[in-house]
Amino acid sequence: MAEVGAVVVCGGRSSRMGRPKALLPWRGRSLIEHVVEVLSGVVEDIVVVTSDDLMLPPLAARVLIDEEPEQGPLEALAVGLAAVQAPLAYATATDVPFLSRDLVRAVLDAGGAAAPVVDGFVQTLAAAYPTAEGALAARRLLASGRRRPLELLEALAYQPLEPAQLPGLRGARGLNTPAEFLEAVREDEPGATASLEFVGRPRALCGVDALRVPVGTLASVLARAPEPLALCEGEQVSRPYLVSLGGRDFVRDGRLPVGAGERVVVLDAAAGG
Amino acid sequence: MRVLLSDLKELQAREGWLPEAGLREIAERRGVPLHRLESLSTFYTAFRRTPPDGPELAVCRDVACQLAGRGGAVEALGPVLEELGVTLREVSCLGRCDAAPAGCVGERPAVLSDEADVRRALAAPEPQERPARHWAADPYEDLPSRYGAIARWARGDAHAAIDVLEASGLRGMGGAGFPTARKWRLVAEEVNPDKVVICNADESEPGTFKDREVLHDLPHLVIEGMVLAGLSVGAARGIVFIRHEYEAERRRLEAEIAVARAAGVLGPDVCGSGQAFDVEVFVSPGGYILGEETALLECLEDRRGEPRNKPPFPGQSGLHGLPTLINNVETLAHAAAILARGADWWHALAPGAASGHKFMAVSGDVARPGVVLVPFGTTLRELLEACGGMRDGAPVGAIAPGGASSLFLSADALDAEIGFDSLREAGSMLGSGAVIFLAEGRDLLSVGLDVTRFFRNESCGKCVPCRVGTDQAVAWLEAGPLSPEVEARLRALHETLAQTSICGLGQVALAPLLSLLDRQREGGRG
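Here the protein sequences come in this chain order: A and B.
So the first sequence is numbered by our numbering: it starts at 1 and just counts up by one.
So the second sequence is numbered by our numbering: it starts at 1 and just counts up by one.
Chain A with its partners taken away, still in its complex shape (with noise of 0.2 Å):
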C-alpha cells in the first residue's frame, strides 16, 4: 500500500489567465504533465481532478472528473481525497510550475493535516491532507453550505508549518494572470520564444514561414509579424485572421500569454487558411 498519496486541482475556470492553465506550456510540455512528473518522483499514487471540458493530455496519473466545478476547490478536494489509496495526500493546485519535490516531501513529513502559512495566509492548495477523514469532513462541509477549504484544514486540526522549515516555498505560490505567468515563464528560461508561423495567404502576403519571437502577450507575439500584417486591432485579432495558440485553439484575445516554444499559427479566415 502507498503510504502517500496527492491530488491536483485542475478544475478552476482559469478566468484571469485566460486559457486552461493545466494547458500552459512549461518546459517543452503542458503544465499538468509537469505537475505530475513532479510528484510522482515522492508519491505514488496521483488523483488529478478536473472538470469534464478540459482535454488533458495522457498523465502518469488517475484523472477523474468534478461533476460539480461551480463549488470550487473544496468539492474537487473532496472527490480526490475520497480516490487516493493513501492515507496521507499532498494538495496542490495545477499553476504551480515551481513545485519542488522537497516540498512535498516536507510537507507530507508533518504525517498529518498540514499548511504552510505564508505572510498570514494559510496555502490550502500546498497542503497535506488526511485522505479518508478529509473526504469525510469536506462532504460534511459542502452539505452545510460552506466552501472553504481553510475550513477543512480547521477541522482536521491542521498543524501550520512555519515558511522556515520549508525548501521550495515557491512551489506552493499559484500563478493566475497572463503577467505572472509570463515572468515565471522568463525566470525560467531568460530569452524563451515562442514560434510565430504564418499559413497560406499571410505566408503569401509576407514571404516568411516562421519566425522565432520573445515570449509575451498574444499581441506583442503577433506584432512581430512582418510588414503587411497587421494582426491585431487593440486587443484583439484582427478579423480576417484566425490564430491557433499550441496547435489546439483558435483564439482572439490578444492578452493570453504565449509560453516557451510555444507554436502561434496564423491563418486566413476567409481563404480557409
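Each hint should be verified, as a subset may be incorrect.
Not the full set, but computed from the structure, chain A residues with beta-carbon under 10 Å of chain B [unchecked claim]: (1) H34; (2) Q85; (3) A86; (4) G111; (5) G112; (6) A114; (7) T131; (8) G134; (9) A137; (10) G145; (11) R147; (12) L156; (13) Q159; (14) P163; (15) A164.
Derived Cβ-Cβ restraints for the label pairs, each shown as a range [said to hold, decoys possible]: (16) B:V464 / A:R105: 35 to 45 Å; (17) A:P163 / B:E83: 28 to 38 Å; (18) A:E67 / B:A167: 38 to 48 Å; (19) B:L88 / A:R248: 23 to 33 Å; (20) B:E83 / A:G174: 13 to 23 Å; (21) A:D52 / B:Q499: 36 to 46 Å; (22) B:E129 / A:D188: 52 to 62 Å.
Since the hints were derived computationally from the structure, they do not count as laboratory data.
C-beta: ideal position from N, C-alpha, C; glycine also.
On the provided structure of chain A, position chain B as indicated by the hints.
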C-alpha cells in the same frame, strides 16, 4: 508473577519450540510440577511442542483475508514456498485486515498476494519501520508539549480529573462501551492501596486493527492515559498487555516509555506529584480470548487464559485480587486528550447531539481499507465514502459494524450513525469500531462459516457448550446446504451458548452466522 510464561516465551524464542528438556529445566528451577508448564504450553498459540520444519509463513484464515482472495493467493505462492522450503501455518486474524490477504514471517507482516513482499519477509523476518501519522486526536502539536495533561493534573485533585472524564461522557472503546469515568471511580474508591492499571492492547477479532495504529502513532497518549489513570485511582503500577503480532508497535511503545522515563513522566515521582507510576509491557503468548479482561488477568497470573466467573469484577478484585483498572488502548488515548483539552473540546468534535470521535477499522470489500478517525454521529455511508466507496463500485450487500462478533446488517443500515446506542438501535453494535463491508453477491453462508470457525478455533474450552457447540455448528455448516431442521437446531444451539457461556465469546459465537442467514433470506426474497 508471570515467571513461568516469561520462561516459556524465552525458551520458545531461543529454540523455536519447547523441547522436553527445556521444560524440565524450568520446572526444576522454578519448583513447579511439569503439568503446570504443560497446561500453559498447550493453551497458548505462540508455543509449539514440535520443532519447526524450516522457515514458516503464517497465513491468516479469517474473514477479511478470505474476502480478499486468500485461497488463491496462497495457491499462487506454492512454487515460491516449495523453492524456498517454507512451511505454511494457518493462524487466526493477524490484525492486518487492511493489507489482506495477510500473512507474516516471524513478526514481519507480508501481503500474501504480493510475491515480492513475501520473498522480502522470508529473507528478513524483522518488522519494518514506518513513519508515524499525526492525528487530530493528538492534542499535542509538537514533542515538547507532550504529557502536558499530566503536568497539569499531577498536583491537582485526582477526583477532579475523573469529573472531567464524566462530563465528557467518554465510553470504553474496546467493545463494551462502559462509561470510563465510572470505571475509574470504582477503582479509585477501593481502599486497598495497592492497585494496578492495565492497558488492554490485545485486540484480535477479525476486522479489528485500530489499536495497532493508536499504539504506533500515539504511544505517548496511551502512556499519558495510563499515568493519569494511575494518579486518579491511586495505582503505581501499569501493564500494557499487547498481542505478540504487534511487534513493530511494541517497539514504538517501548521507545516512548523510555522517553517518558527520561522526562520524569514515569518513575518514582511522576512530574513532581510525589506519586510513583511506571509501565511494563507484557507480550501476549497468543489467543483471541485473552482480550476478555479476566482471561487476560489469568494469563498475567501464569495460568491458562480462561475467563473468570463474574462478579467479582476486576475493579474490585483483579490481578492477584488487587483492584485493577483495565482500559482499552484507544480509551486511554482519548482520556489523555480529554484531560489535556477539556470535556467541551470532546463534545465539539461531533455534530449534533453526539460527542467525541472514534478510530474505526474499515475492511472487507472497500476501495481503501484502513483506520479512519471519525466523529461519532457519522453515518456508515459517510464512512464508506471516506474510504473511497466499495471496491469496483459494487453495491453493498451486508455490513458488520462492530467486528466479526457483531450482527451483520443489510445495506438499509448505511444511514445508521456510528454510536453505541444508534448501532444497537439499528440491530447490531459498535463494538470496538471494526466495520466489515460485504459486496452484494457474496456467499453469506460462506462468510458465516468463516466467522463461526474463528470462534470455534478461539474458544478457550472452559465452558462445555461453547467448546462443543461451536465445533458442532462448524460441522453442520461444512456438511453442505442448510436444511430448515439444521437451521432450527443452530438457532437452538445459539440460545444454549448465549445462556450458558460465562464470557462474550460463547455468548455471541453463533449470532453473526444467524444474522447472515437472515440477510441471505432477505436477499433471496428481494
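- [ ] Enumerate the violated hints, using their earlier numbering and listing them in ascending order.
- [x] 1, 10, 11, 14, 15, 16, 17, 19, 20, 21 and 22
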